[in-house]
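J.: Turn these sequences into a full structure, and let the hints guide you.
Spelled out, the chains give:
Number of protein chains: 2
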Amino acid sequence: MREFFARHKEDLTRFMNEYLSTSSCHKLKVRPFGRDICREIASFSEKGKMIRGGLVALGHYFKGTRGTQDVLKVGTALEIMHSALLIHDDLMDRDLRRRGADSFHQRYRNLAHAQRLKDPDHFGDGMAICGGDIAFFMAMDLLGTLECDQGIRQRIWNLCSREMAYVGTAQMVDLYLGASEEVFDEATILELYRYKTGRYTFSLPLISGLLLAELDEDMVNAVDRIGEKLGIVFQIKDDELGLFGDEQQTGKPVGSDVREGKKTLYILHLYNRAGPEARSTLSHIIGNPAATMDDVVYVRDMIEKLGIRQELERRVGSMSEEARKMVAGLDMANEDAGRILLELIDYNSSRLK
Amino acid sequence: MREFFARHKEDLTRFMNEYLSTSSCHKLKVRPFGRDICREIASFSEKGKMIRGGLVALGHYFKGTRGTQDVLKVGTALEIMHSALLIHDDLMDRDLRRRGADSFHQRYRNLAHAQRLKDPDHFGDGMAICGGDIAFFMAMDLLGTLECDQGIRQRIWNLCSREMAYVGTAQMVDLYLGASEEVFDEATILELYRYKTGRYTFSLPLISGLLLAELDEDMVNAVDRIGEKLGIVFQIKDDELGLFGDEQQTGKPVGSDVREGKKTLYILHLYNRAGPEARSTLSHIIGNPAATMDDVVYVRDMIEKLGIRQELERRVGSMSEEARKMVAGLDMANEDAGRILLELIDYNSSRLK
Numbered sequence: 033m034r035e036f037f038a039r040h041k042e043d044l045t046r047f048m049n050e051y052l053s054t055s056s057c058h059k060l061k062v063r064p065f066g067r068d069i070c071r072e073i074a075s076f077s078e079k080g081k082m083i084r085g086g087l088v089a090l091g092h093y094f095k096g097t098r099g100t101q102d103v104l105k106v107g108t109a110l111e112i113m114h115s116a117l118l119i120h121d122d123l124m125d126r127d128l129r130r131r132g133a134d135s136f137h138q139r140y141r142n143l144a145h146a147q148r149l150k151d152p153d154h155f156g157d158g159m160a161i162c163g164g165d166i167a168f169f170m171a172m173d174l175l176g177t178l179e180c181d182q183g184i185r186q187r188i189w190n191l192c193s194r195e196m197a198y199v200g201t202a203q204m205v206d207l208y209l210g211a212s213e214e215v216f217d218e219a220t221i222l223e224l225y226r227y228k229t230g231r232y233t234f235s236l237p238l239i240s241g242l243l244l245a246e247l248d249e250d251m252v253n254a255v256d257r258i259g260e261k262l263g264i265v266f267q268i269k270d271d272e273l274g275l276f277g278d279e280q281q282t283g284k285p286v287g288s289d290v291r292e293g294k295k296t297l298y299i300l301h302l303y304n305r306a307g308p309e310a311r312s313t314l315s316h317i318i319g320n321p322a323a324t325m326d327d328v329v330y331v332r333d334m335i336e337k338l339g340i341r342q343e344l345e346r347r348v349g350s351m352s353e354e355a356r357k358m359v360a361g362l363d364m365a366n367e368d369a370g371r372i373l374l375e376l377i378d379y380n381s382s383r384l385k
Numbered sequence: 033m034r035e036f037f038a039r040h041k042e043d044l045t046r047f048m049n050e051y052l053s054t055s056s057c058h059k060l061k062v063r064p065f066g067r068d069i070c071r072e073i074a075s076f077s078e079k080g081k082m083i084r085g086g087l088v089a090l091g092h093y094f095k096g097t098r099g100t101q102d103v104l105k106v107g108t109a110l111e112i113m114h115s116a117l118l119i120h121d122d123l124m125d126r127d128l129r130r131r132g133a134d135s136f137h138q139r140y141r142n143l144a145h146a147q148r149l150k151d152p153d154h155f156g157d158g159m160a161i162c163g164g165d166i167a168f169f170m171a172m173d174l175l176g177t178l179e180c181d182q183g184i185r186q187r188i189w190n191l192c193s194r195e196m197a198y199v200g201t202a203q204m205v206d207l208y209l210g211a212s213e214e215v216f217d218e219a220t221i222l223e224l225y226r227y228k229t230g231r232y233t234f235s236l237p238l239i240s241g242l243l244l245a246e247l248d249e250d251m252v253n254a255v256d257r258i259g260e261k262l263g264i265v266f267q268i269k270d271d272e273l274g275l276f277g278d279e280q281q282t283g284k285p286v287g288s289d290v291r292e293g294k295k296t297l298y299i300l301h302l303y304n305r306a307g308p309e310a311r312s313t314l315s316h317i318i319g320n321p322a323a324t325m326d327d328v329v330y331v332r333d334m335i336e337k338l339g340i341r342q343e344l345e346r347r348v349g350s351m352s353e354e355a356r357k358m359v360a361g362l363d364m365a366n367e368d369a370g371r372i373l374l375e376l377i378d379y380n381s382s383r384l385k
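Going down the list, the sequences are from chains A and U. The numbering used here numbers the first residue of the first sequence as 33 and each following residue consecutively. The numbering used here numbers the first residue of the second sequence as 33 and each following residue consecutively.
Just so you know, these hints were derived from the structure itself, not from any lab. Each hint should be verified, as a subset may be incorrect.
Note that the list lumps identical chains together, so a pair holds whenever it fits in one copy or between two copies.
What the hints assert, rightly or not - The calculated DSS-like cross-link candidates involving lysine-lysine, where the alpha carbons are at most 27 angstroms apart (straight line), are:
| no. | residue 1 | residue 2 |
| --- | --- | --- |
| 1 | K59 | K294 |
| 2 | K337 | K357 |
| 3 | K269 | K95 |
| 4 | K294 | K41 |
| 5 | K150 | K294 |
| 6 | K41 | K95 |
| 7 | K41 | K385 |
| 8 | K294 | K81 |
| 9 | K269 | K294 |
| 10 | K269 | K357 |
T.: Next comes the structure, spelled out in structure tokens:
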């Protein structure tokens, strides 16, 4: 699996750099921002694991034939869209670090300080809104050049547009829950995980690859469901890493979700199980941008003490097991692709970054 | 002309409402935000003049045949994209009013206050980032369903993606010039006008209509250039209305560009011609969010006194005359479409809202 994704990351990086450095936006002469944004997107994307791009290739590999140029195009487009989402997300979540470096808006805030521009924070934030928008459209532009059958091309366009609209809608719910005191339930959180991360991270790229390989609808539907399972596990692990992870490995500050008041399964169960006194302490920590590392450690300790971490690990385990069974039920032409998918399920439930 | 655009606005409004209220995003069950955002986009778009949507129909009408469903689809998609741009723009420009109502982020700030959510401004801003993103994707989703020849469909998809990426890049330049003390020149401002407003407001919709009508490349290229001329005039008038317009008619507060420090042709010439003393006064007004109405009136009076308003009116006049000549040179199958385009050129250079 590692070798498969590493190889595809190389191909994707090469293709993305070539695409971005010759794109119409790069050539736009109104000041150097067109060129800059293309470079920023490329270097920002390279720092990621490029799982989504690799999954398009994996979906296509189900058929066992060699990957096409279209596989690279869709993979690159999804990676660029993912970068765009992260740029906008970090702004909304006030995250100053991403992928081991300053987040996109923070980089432009720095530039504004260095050049003594007016209102550096507002400038940086505006540049990040534009940067994300531009990246979305450059991804769409690339999808417009697919050479496959027109029906498949159109279906991939609609799939991508819809899944991205779902991500935005789920992000609205996330913002709302983060800002309100409203009692929320597990079903809502799971729906959020499904639409905000799960589907666009796993289902969308895998299905796109299957469609490019012209595999049948039964396969597409089955893989769609496997993708959702993987996605929910991915998000639970993401929340876990945000609490218990190693910043050096994740590239994101531990505790930022706590400070932002993000409503995760961990936080839900914590509120449900904590006694009245602890709950009152928690309410001063969760959603408090000034929460200290000690505060975050308090939250972590409570999560461990109340057995929540173990319980969610168990659920991650059983969901992964269900996904494994679903993979076993697939009618695969290429056993090697099945093996990689199974390895991915294991990696996904135990990853440290 | 008025009748043509009014009729098409009716058709577009009907089509947009139907599209948005049955879209996949509207049906998304994670809380009511999917439904809400669809309603917001529809009601926000209805308040506009829907010029862009009407121009797709006008471009198609060049051939003289009846409009197709695809004309409505592209028109609606461009109107939704325009709404998305305004949502993000108002956030970047800190405009609290738009189309005679609270701007999109301001509406969600109000909701946050009413529901006592945490950090209402941050919440409203985040919702506007998501709202714009969702609208972009819903527009692309609609473009993905065109029923025309696949080559034309693909070309329109790429045209839209590229022009929108240009708008974002030009907006970056706009933000930069607004925040820096850098000396800027007329050529930069004109490039900005071209890519930030001109092309996507006129060239893009007109060309899309011509492509749907399967008109030839010579026509497409000529209309592209006419669209740019119209677009630059449109932006100069927009700047003028932002200074001298009637808020009741424009729906936008007079002087907000001055407070935001927007670098327009008016401001460029003002800086170039003002004496040292006036320049020092101006530097305390332009880009000062706390500038009073008296300050704005001072800027306006200087612009009138130095003959800048008249000069720019003259240039608007001569650019419109060039556009008229270009229209006369078109080999039109349908004279009525030519008449409407000429009327539009007149309206564009004299509009009050």
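J.: Could you tell me which of the hints above the structure violates, numbers in ascending order?
T.: 2, 3, 4
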